[in-house]
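Working from the sequences, and respecting the hints, build out all of it.
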Amino acid sequence: MTSDVEITVVGGSLAGLTLALACAVRGMPVRVLEQSKGHVLGGDSLTVDLSLLRAATGHDPRQPPALPVVPAYRDLTTWPALYSWLRARVNETPTIALESDRRVLSVTDLGEGVEVTFEDGQKRITPVVLGADGYRSIVRQAIAPDNPYARYAGYLVWRGLVEERTLKRPVPWPTDGGLWIKFIDGYRLIAATLPGRDGSLVPGYRQITFAWFDVHQEQLLRRTDCLTSDGHIVGSLARGMIDESVRLDLASRARAIWPEQWLEAVLTGISSPETLSGAPIAEYKPKQLARGNLAILGDAAHVISPMTGRGLLTGMEDASTLAQLLATRNPNDSFASVLG
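Residue numbering for the sequence shown follows UniProt numbering, beginning at 1 and increasing consecutively.
Mixed in with the good hints there might be a few duds.
To be verified - The list that follows gives simulated cross-link-like pairs (lysine-lysine, DSS-like), each with its CA atoms no further than 30 Å apart:
hint, residue 1, residue 2
1, 182, 168
2, 123, 287
3, 37, 123
4, 182, 37
Simulated from the structure, these hints should not be mistaken for lab results.
Here it is in structure tokens:
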């Protein structure tokens, strides 16, 4: 279906960009509202289904400009690499408008359309709004006002992505070695070698990712106002926000539990305020995914534990399914009738 009715997507991260491309390839113009000025860094390793990515977006990530991956039980890439690949495809698509630095404060379904209110006080009316705005979703608050926040699952994950060239020696793990996963002293530890920023797979020029699942940080999350008194997640320990005392404690524990082959990379990541992040793991079971002219997808709709490795894949499936559903809409039908 080709339509001149513009789809508004709140959230311009991986799920939002995938959804925008999925809608555009099915003939629908899209406007993406992203609160940041553009992601440069973010996340760490991701498992990616290249066939699903092609089916969803209409662009083959195996063809130039190819998405750099390393083989594992599913292909692995980095968050920055996938974001850059998606962002480039969006920028090449004339039917997608991307507005950066546009923080949405609220959305209100008016029946005949949706009112979007921005942080600067401006308002806009649009026919339909799709929320790809993560586990603290603004759109979800309008769809499920009685169940607006994700609940803390009882653990967080420390993450880092380190340039191998900054280490004294390359990590002794093959590029095609997939994920290294161990349970040590009650911690789940994951690490891998990933393509370098230029796509290099040569030892010494790759990127090293680590993830450290930690059940001992609830008090830290409460002190930093990441959790409400009743255990809902309202914040995260983003890069640049983790105190030196916390990083020193983590470094001490890392020396006791991380094996030698990964230890230097982990300590390098912990020591860098702009590398280390700590994300509380969320649980959210939706009661509904749509209301009127509003719908949600990805982490906004149903938070998937990173232990499953399926967060990105689920978001891609959501984007493809939602775009296909909207593409079947008769021009005389309301969006609410299709989404409901």
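Against the structure, the hints come out as follows:
1. Distance check on the hinted pair: residue 182 and residue 168 sit about 24 Å apart at the alpha-carbon level, within 30 Å; holds.
2. The suggested pairing of residue 123 with residue 287 holds, with an alpha-carbon distance near 28 Å, which does not exceed 30 Å.
3. As the CA atoms of residue 37 and residue 123 are separated by approximately 20 Å, the hinted pair is consistent with the 30 Å bound.
4. At most 30 Å may separate the alpha-carbon atoms for a hinted pair to count; residue 182 and residue 37 exceed this at roughly 37 Å.
Hint 4 alone, counting from the list given before, is not met by this structure.
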